[in-house]
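Visitor: Chain by chain, the residues run as shown.
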Amino acid sequence: MARVELRNIVKAFGATQVLRNVSLDVDDGEFMTLIGASGCGKSTLLRIVAGLEAQGSGSVRIGERMVDHLRPRQRRIAMVFQSYALYPHMTVRENIATPLMIDRTLLAERLPLVGRLSPRRRRIAGEIDQAVRGVAELLQIEPLLDRRPGQLSGGQRQRAALGRAMVREPQVFLMDEPLSNLDASLRVHMRRELADLHRRLGATFIYVTHDQVEAMTMSGRVALMEAGEILQVGTPNEVYHRPANTRVAAFLGSPRINLLEAAVEGAGTLRLGGTALAHAAEAAGQGSVTLGIRPESIALTGDDPAGQGGLSLLVDDLEDLGHEIILHARLETEGAPAALTARLPAAAVAAARAAGRFGNRIRVEVDPASLLIFDRDGLRIPATVAPAAPAAAHPQAAAG
Amino acid sequence: MARVELRNIVKAFGATQVLRNVSLDVDDGEFMTLIGASGCGKSTLLRIVAGLEAQGSGSVRIGERMVDHLRPRQRRIAMVFQSYALYPHMTVRENIATPLMIDRTLLAERLPLVGRLSPRRRRIAGEIDQAVRGVAELLQIEPLLDRRPGQLSGGQRQRAALGRAMVREPQVFLMDEPLSNLDASLRVHMRRELADLHRRLGATFIYVTHDQVEAMTMSGRVALMEAGEILQVGTPNEVYHRPANTRVAAFLGSPRINLLEAAVEGAGTLRLGGTALAHAAEAAGQGSVTLGIRPESIALTGDDPAGQGGLSLLVDDLEDLGHEIILHARLETEGAPAALTARLPAAAVAAARAAGRFGNRIRVEVDPASLLIFDRDGLRIPATVAPAAPAAAHPQAAAG
Amino acid sequence: MSTTAEPSPLALTPVATLSVAGARIANAARLVAVHALLILALVFVLGPIIWMLTTSVKPANEIFQAGIDFMPRNPQPITNYSDAFASVPLLQFMMNGVIVCAGILVVQLLTSIPCAYALAKIRFRGAPVVFALVLLGLCIPIQVPALPLYLAFAQLGLLNTYLGLMLPFFLSVFAIFLFRQFFRSFPDEIIQAARVDGMSEFEIVWRVVVPSAWPAIAAFSVFSVTAHWNDLYWPLIVVSKDALATPPLGVAFFFDAETGSDFGSMMAAATLVSAPLIIAFLVAQRQFIQGITMTGLK
Amino acid sequence: MALAADRREAPAPAAPSGIARQERVEAASGYLFALPAALLMLAIILGPSAVVIAMSFTNYELGAIDWGWIGLGNYGEMLSDRTFWRSMRNTFVYVLIVVPSSVLLGLAIAIMVQSRIRARRFYEVAFFLPVTTTLVAMAIVWSFVLHSRIGPVNAFLQLLGFEAVGFFTDPDTVLFSLALIGIWQLVGFNMILFIAGLSSIPRDLYDAAAVDGADGWLDRFLRVTWPMLGPTTMFVVVTTCITAFKVFDTVVVLTDGGPLGASEVLLHSIYLEGFQYFRIGYASALTVAFLVFILVFSLVQAWVIDRNVHYR
Amino acid sequence: ADVEIEVYHAWPSHKRFHEPIAAEFMEANPGITVTFRTPGPTYDDAHQAVLRGALTGELPDVFHSGYHLLRQLSTTLAARSQIIALDDLMAAEGQEWIEANYAPNVLNLGTVDGVFYGMPFNASTPIVYYNMDLVTAAGGSADALPEDWDSLIALGAKIAASADDVDGMAYDVHAWPDDWLWQALMYQEGGSLMNADETEVAFGNDIGLRGLELARRIVTEGGMPMLDFKESRQQFCAGKLGIIFSSTAGVRRFTECSGDNFALKTHTFPVVDKENGGVPTGGNAAVILSNDAEKKAAAWKYLKFIAGPRGQEIAVLGSGYMPTNKRAVEAEFLGDHYDNNPNWVTSLNQADRAQKWVGYPGNNGVKIWRTQREIIDAVMRGQIEPQEGLDRMVAETQALLPRN
Ligand SMILES: Nc1ncnc2c1ncn2[C@@H]1O[C@H](COP(=O)(O)OP(=O)(O)OP(=O)(O)O)[C@@H](O)[C@H]1O
Ligand SMILES: Nc1ncnc2c1ncn2[C@@H]1O[C@H](COP(=O)(O)OP(=O)(O)OP(=O)(O)O)[C@@H](O)[C@H]1O
Ligand SMILES: [Mg+2]
Ligand SMILES: [Mg+2]
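Residue numbers (the numbering used here), protein chains in the order written: chain E, 1 to 400; chain C, 1001 to 1400; chain W, 2001 to 2298; chain B, 3001 to 3312; chain R, 4001 to 4404.
Take these hints with a grain of salt, some might be off.
What the hints assert, rightly or not - Derived DMTMM-like pairs: lysine to aspartate or glutamate, alpha-carbon spacing no greater than 25 angstroms straight-line: (1) Lys4367/R to Asp3170/B; (2) Lys4326/R to Glu4027/R; (3) Lys4304/R to Glu4294/R; (4) Lys2241/W to Glu4027/R; (5) Lys2241/W to Asp4292/R; (6) Lys4015/R to Asp2242/W.
Claimed, not checked - Listed next, the stretches of chain E that the computed footprint assigns to chain C, with coverage defined by at least 3 CB atoms under 8 angstroms from CB atoms of chain C: (7) 212-225; (8) 252-259; (9) 317-323; (10) 344-351.
Everything labelled a hint here was simulated from the structure, so no lab data went into it.
Every residue gets a Cβ at the ideal spot worked out from N, C-alpha and C, and that includes glycine.
Using the sequences plus the hints, can you model the full thing?
Guide: Printed below as a string of structure tokens:
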């Protein structure tokens, strides 16, 4: 009952088109993450769902109900803001109580002095206090209830903001980069806490971030946005391993995926520089394709005699991250040397060094199964990539 | 000649002790990184070197010269700030020229109207312009010289700030988190550019950051600070792989290193939970030690029959980062289950899953060579760790 | 018109209750109501100013017509103005106003900017004391020290001099307060960069801080100039000669109580006297409003 | 006093030779920068104010050769002086009318203006215009606009069927008329300050309030705007108060304290006693009373508001 | 070398004759420059400013003092030797010259306790101005303008009743900047301010009481609105006020402002006691405040000029004041001006009733009037009874007089 359906949402601010025909279905109880570069329209989309911004055209349904004409409070949603947006002059308790207070009392009862005269208000206040306590218990912020936001740490503020969002038991939680103001270690912690909360509440979450790690680790599905459009929707695994196009592939993953021009020969032999790298029947007839090689799909060629299979690289730079080493190298191709980044386990490099196989020029191999193939328009060609016939590789490699 | 030597630097702000007896030698031409958590005193130390802050006691030498009594400009240093600190109302050209202008002209010559009367000024202005151009060329910002900082992107501002620092050809560059205001991809880029610049200039760099990746990738040596003290100084490799103590080990590496209590038996058999994990003669007689296990040193147990060697884990949570998977698990030990985090290559997990070896309970093994052993006080025991005798391991594993 | 750029309690909530069309109508209605209220307030605020302008071009016999004829029937744009110039040395008054205001403003800036900078950015023990004095000074209007100042000025022969007109205002605690607020948000790192670049504190102020403080300077200038251009109290006390009279004194002299006042030329004079300020404000308003907003004045 | 502190500080416990150089340079320039202002402050504000307090205990009259200390004599006379009590009462009434009206009106206009997009600048400038006009000149305008017999406002009132009002000639209304002019000149000023305050309220808070259901303007105002404007309100109220206490120009030009002393205000009394009747001692006592009231008013307000606005 | 003399006078509107006179004087005396201080708003304000200047060393060289304050001014300044007695200078001009130019009662205006300090420059008496349009509309006529208070009040009442937006009359004693109109109320019944030896207030009698009652009646019966000084003048100019009492000095201004709007007519001030009653002579006398010999000589020259026939001609035509110089009415000067302008003659018609406008002894003249005025105002507004008002006036005035 708390599905969220966006249909053909269009939004412009003045002359700038911010959302171009965005449609998205979020299932009941799903954790959907909107991810995209800064300024791509994520917040705007979220605010349209919340009713804080009116769409230019298109419609929003929340739990089978058209909500276009409803005010935020009537949409049964809650929102958590990047800045937490706690009321600085209220205690945490008052902050959390506010949505309920507004929901349950009449305007007159909320007026500064007059309000106290209402007999109903006392009863309601009791109920509300119950609810606030319940939420505080869940979030383990009971000891903080009488502090002001200014007296809280980032993580505590975060939890208070969550409490305010939860207390009305909304069908849908909207979160706009709720973790981006926290420091790294707290972020890791809150990441898991949020995922946990989602599991416990069973509500629908729509979560905005531009942090890949958050998107990858927390969400059921990810919607990747760019310039007001959704490029792909899918599970984190899908978008990472089966990106719809080069833009998605390039956005996810750090270091960035290597995108290299490759020639397609015959029945689908993919040739990079001079080397036949793999074989993909589906690419046959394309002339040339873009190969996507994740840095982690590149491995040092093992103990087989040097000169055997794989690619020969000129090492530019090594960045030692301790547990792994980022290798910046150039592919010795025929034309201009193409840059290539690889992510190598520190242990593997150490081993290779020890074996004298790690000099200025090294040989690496690419796991064909993880190769991504994109056509001229950047769209991925779903392909089962097999290793190239070893025979085919040899003569060319010598030329490289 | 441009060594920097800090001797017993002490500094307090009011009652808070910010630096406690810090000594550090930075070699001529070295890239030294100060890393530590927020508030540990990195910036304060840097500012003391610059002469922007006076130490409580202790002394600073730059290039064999005591500089305690010298003002910043006399110390032949340059500083690059986190916010770049460009003069907002001046063009890039004027920004870069300012240090030279101040250096070479008299105060009278810099006065608004009077200054123009000086004949010397014109000549000097010519020289300065030469110098500014030289720097701009090196940094490839010539086309930006006439813009104001407000009209530049983050990376461009960064380069302008570098230009201003370089133009006086200082002996020492001090940089306070110069990359932290840049977005992720630009940061990666500028990281390499800075390292490159250091190589070309050959000057001494003291670089403050709280980003491990920066520290690990750029520096010749790293000084790790905590609460106003330097915990360890060494090459990135040293501090990562041979941390002086648990604090250093815990600070570097993400996810955090696993620190687990282990019992030492006999001649140095290290026993975790019930499993004999490794053997280290140097630990003999310690009773119990703390084992440091880097998340990446944990690997899924290979194709050998289940129940064979290694540790048995209960899986709590998986965070799929695409290229790798962070595993949160509990070690099935005798007492309270100890938490363990492992970093597994996505491919390995996929393979294990395919082979049906990846359920709620999994078996992993730890590369003994990468094990770190700390004594009761948290100090690392330099040890050559060998695999435990396989025989010893078996019976206990069954008990676990 | 669906949303507003700035938050405000009256910002139109984008989505109202009934339907999209209903919401549009409700928003439009609210918009009209708000503008109606604002325009009503404008009548109160601008009415006298407009009346001054129209009266300044009315012939004498139309002015003392009972009633609410705002517009002149036979406008005579010149007569009252030339009368005004003829009967009092208005240009002289305005010139005096310019000299006095400029003198005051320059010295105020020279004294308050360094002090505000010191309070905002320099660590020295005396800072809290000086700032406490500033806060105290904020609550002491010129009328309090006026008597001793008058006596002292009489002793020093400063009555009926420009210096006498300006001296009591050479220090503006308000300026110190305002600039301090502004400078506090000026990044420390830029100042440190300047120190590393070798600038003296003095140079930092005029080379780095002042050029970035234009909005605050503009805002303060508007306050200062309007206050001193319009001040009546002090000039009334120290000036007794036409040659030194400031604009408000000049206007006050039009009061021709014995035979009733010559309203037409009085309004012409009032217009002329107010005009420079209004024009100056219109020119500086963008900076002024920006300066006020940036300073926050909190 | 800044100097004294400096001298004590200068030879600070200088650690190893010359270590605190930068700090001393900094501190020295701090004192140097504050010095001219501090001296001027002493010379033209604090010193003379102290002299006023001293003179209030004398019977000094301008030009008098023999004068002496009379202790609290002036204050005694003040307390039994009808004119003093009257100016006191009038000043208070004036402040009590002007401050709330101009603050609330300024706030209301600021809120309405701030949410305009295109018209905002126009309104800002238009409402601020009265601040830049010469009050003396505008007082003359007001004197005619509010003429009790032939002024346009009365003509309008009579058109609506009301009695003509003696704005400046009826002792019961004259203070209100002066207050009206005071409000007229202050509203734009307060509006600008409030707009500055409003612009610094984070938009997120309004959004949060909307999601929480506070989407009516009153709820938004009570829950976000008003609490967030606390510091601005404090500043505005205190400055408005001081300005209101200083009412003088309009009284001198328009009513000279009349009719029946109904518009006699403190500053005008001080001016008359000091600069017209030359009774410096007595005028000083009045001035001290004036200063005390301003200080007490400001401090009490600052304290009351301060307790309710500082959240951090 | 050139001598500069600085002149200070009250009433900004007087610039319109002071300046042309000075211009002619300077033309005739090339070695002397005359500069003016910013005029004081009223006689009282100007007087206080000069006293202040005396104490701070900022005195003008020539000052036009209101007659009623001349006594206080000269007493105060003479004690500090800051004012010049003009007797010697007069005597040096010769008796013949004096007689040719000045009547004794005129010179008396500038004389304090037998010493001649002030050269009379302007002289005026209060007269009545009628808006004849309103008078006619109310049934009055130009030939039968009231001569006594009762009929004046009756006419005022009729005018007030004749139209909605019109008021009857204004006798602005409650708003007048000095006590001139109050003295007029006393004098017209033959009363006086002080007793003969100037120790006590003398109006604490029937005359004083009747004066206050009359003032109150003008309000209650005569249709007088309680406006302030400027407002009633503006209202008269606007044609909405039937009768106004004012100085003859305003003839010119009122004539101008009435313009085509309504017909203006002046009439003499009603006097109850035809024998002893009179009207106070308003105006001012010029005093010399500089001890510098050169300036003194130049100032004397200036005084002779402004109080001479040509100076007076300009002053009279610029205002409506009566000339203080006998020769001013000669053909060469004012000539037939009075014949052609009947409204200007009124002041001359009551010249024989002109009495000296006196001031109080001591230093509190200005403050005394502020005090009295407020009580008169309260009486006229009906807030206190005339008797009570009179008692308070007497008591409070007495308290401000010198004690000895
Ligand atoms: N009220 C507004 N008026 C005009 N333009 C706006 C407004 N709000 C947003 N925009 C513009 O719309 C675009 C999308 O903004 P949005 O806030 O949705 O981006 P975002 O994806 O949330 O970015 P970020 O990650 O930086 O928060 C941006 O270019 C922004 O400048
Ligand atoms: N001027 C100052 N006055 C008082 N305390 C200060 C001052 N400057 C720094 N501190 C305190 O000194 C400690 C160290 O500050 P410092 O700026 O050196 O930390 P840091 O290591 O640079 O941290 P970060 O990574 O956040 O920049 C902090 O606790 C800080 O609060
Ligand atoms: Mg956003
Ligand atoms: Mg720092």
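Visitor: Does each hint fit the structure? Answer for all of them.
Guide: Taking the hints in turn, this is what the structure says about them:
Among the hinted pairs, Lys4367/R with Asp3170/B is consistent with the structure: their alpha-carbon atoms are about 23 angstroms apart, no more than 25 angstroms. Proposed proximity of Lys4326/R and Glu4027/R is supported: the alpha carbons are some 24 angstroms apart, at most 25 angstroms. Under the criterion of a C-alpha separation no larger than 25 angstroms, the hint pairing Lys4304/R with Glu4294/R is consistent with the structure, at around 16 angstroms. Restraint check for Lys2241/W and Glu4027/R: satisfied, since their Cα atoms lie roughly 23 angstroms apart, inside the 25 angstroms limit.
Annotation: proposed proximity of Lys2241/W to Asp4292/R holds, straight-line Cα distance about 20 angstroms (limit 25 angstroms). Taking the CA atoms of Lys4015/R and Asp2242/W, the gap is near 12 angstroms; set against the 25 angstroms cutoff, the hint holds. Only residues whose beta carbon comes within less than 8 angstroms of a beta carbon in chain C count, and the segment 212-225 of chain E has 4; three or more means the coverage holds. Counting residues of the segment 252-259 of chain E whose C-beta sits closer than 8 angstroms to any C-beta of chain C gives 5, which meets the bar of three, so the coverage hint holds.
Only when three residues or more bring their CB closer than 8 angstroms to a CB of chain C does the claim for the segment 317-323 of chain E stand; here the count is 6, and the claim holds. Coverage of the segment 344-351 of chain E by chain C holds. Counting CB-CB distances below 8 angstroms, 3 residues qualify, and the rule asks for three or more.
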